[in-house]
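Asks: Modelling step: build the complete structure from the supplied sequences, incorporating the hints.
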Amino acid sequence: MENNFFAQWESFAKSAVDTGKELEALNLKLVEQISQKQVELLTSAFDVGNKWVTSFGDFKDLPGMISAQSKLASEYGSKVMAASKETTELLTASRDDYKAWFEKSVKLLTEQTAAVTKPVSVRKAA
1 MENNFFAQWE SFAKSAVDTG KELEALNLKL VEQISQKQVE LLTSAFDVGN KWVTSFGDFK
61 DLPGMISAQS KLASEYGSKV MAASKETTEL LTASRDDYKA WFEKSVKLLT EQTAAVTKPV
121 SVRKAA
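Using the working numbering, the letters of the sequence shown map in sequence onto residues 1 to 126.
No lab work stands behind these hints, which were simulated from the structure alone. Possibly wrong hints are sitting among the right ones.
Said to hold, decoys possible - Result set (EDC-like, lysine to aspartate or glutamate): computed pairs, CA atoms no more than 20 angstroms apart in a straight line:
1) K104 to E24
2) K71 to D61
3) K37 to E111
4) K99 to E89
5) K104 to D18
6) K107 to E22
7) K79 to E40
8) K107 to D96
9) K37 to E89
10) K29 to D96
11) K21 to E86
12) K99 to E10
Replies: Okay, structure coming up:
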C-alpha cells in the first residue's frame with residue numbers, strides 16, 4: 001500500500017514538473033517573439049527619427065518640412081500597423097498552443113485521478 005502511494009505521488013509530481021516545463025517553454029517562446037517585434041518597432045522608430053533629423057538641411061521652406069514630416073509619420077504609422085497585425089497573429093497562434101496545453105494537462109490529470117480513485121456505489125436512503 002505504501003509503495004503504491006509513493007509511486008502514485010511520484011507520478012503526480014513528475015507530471016506536474018513536466019507540465020510546468022511545457023508551460024514555461026510556451027511562455028518563453030511567446031516572450032521571445034513579442035520582444036523581437038518590439039525591437040523591430042523600436043528600430044523603425046529610430047530610423048524614422050534619424051531620417052527626420054538628417055533631412056533638416058534639405059528643407060528650404062516650411063511647407064517642404066511639413067510634407068517630409070507627414071511622409072515620415074505615414075511611413076512609421078504603416079510600420080506600426082504591420083507590427084500590430086503580426087503581433088495579433090502571433091497571439092492568436094499562441095492562444096491555440098495554450099489551449100492545446102491546457103486540454104492535454106486536464107486529460108492527464110483526469111487519467112491520473114481515475115487511476116487512483118475507486119468508484120463508490122451510492123445507495124439511496126430508505
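Asks: Compare the structure with each hint and give your call.
Replies: Results of checking the hints against the structure:
Note on K104 and E24: the hinted pairing holds, with a Cα-Cα distance of about 15 angstroms set against a maximum of 20 angstroms. For the hint pairing K71 with D61, the CA-to-CA distance comes to about 16 angstroms; that is within 20 angstroms, so the pair holds. At most 20 angstroms may separate the alpha-carbon atoms for a hinted pair to count; K37 and E111 exceed this at roughly 39 angstroms. For the hint pairing K99 with E89, the CA-to-CA distance comes to about 15 angstroms; that is within 20 angstroms, so the pair holds.
Restraint check for K104 and D18: satisfied, since their Cα atoms lie roughly 12 angstroms apart, inside the 20 angstroms limit. Straight-line distance between C-alpha atoms of K107 and E22 comes to about 15 angstroms, which keeps the hinted pair within the 20 angstroms bound. The suggested pairing of K79 with E40 holds, with an alpha-carbon distance near 9 angstroms, which does not exceed 20 angstroms. With a CA separation close to 17 angstroms, the supplied pair K107 and D96 stays within the 20 angstroms bound.
A threshold of 20 angstroms between alpha carbons decides the hint, and for K37 with E89 the separation of about 12 angstroms falls inside it, so the pair holds. A C-alpha spacing of about 13 angstroms is found between K29 and D96, which places the hinted pair at or below 20 angstroms, so the restraint holds. For the hint linking K21 to E86, the alpha-carbon distance of about 26 angstroms lies beyond 20 angstroms, and the restraint is violated. A hinted pair counts as satisfied when its Cα atoms are at most 20 angstroms apart, and K99 with E10 does not qualify at roughly 26 angstroms.
The structure fails hints 3, 11 and 12 (numbered hints given earlier, in ascending order).
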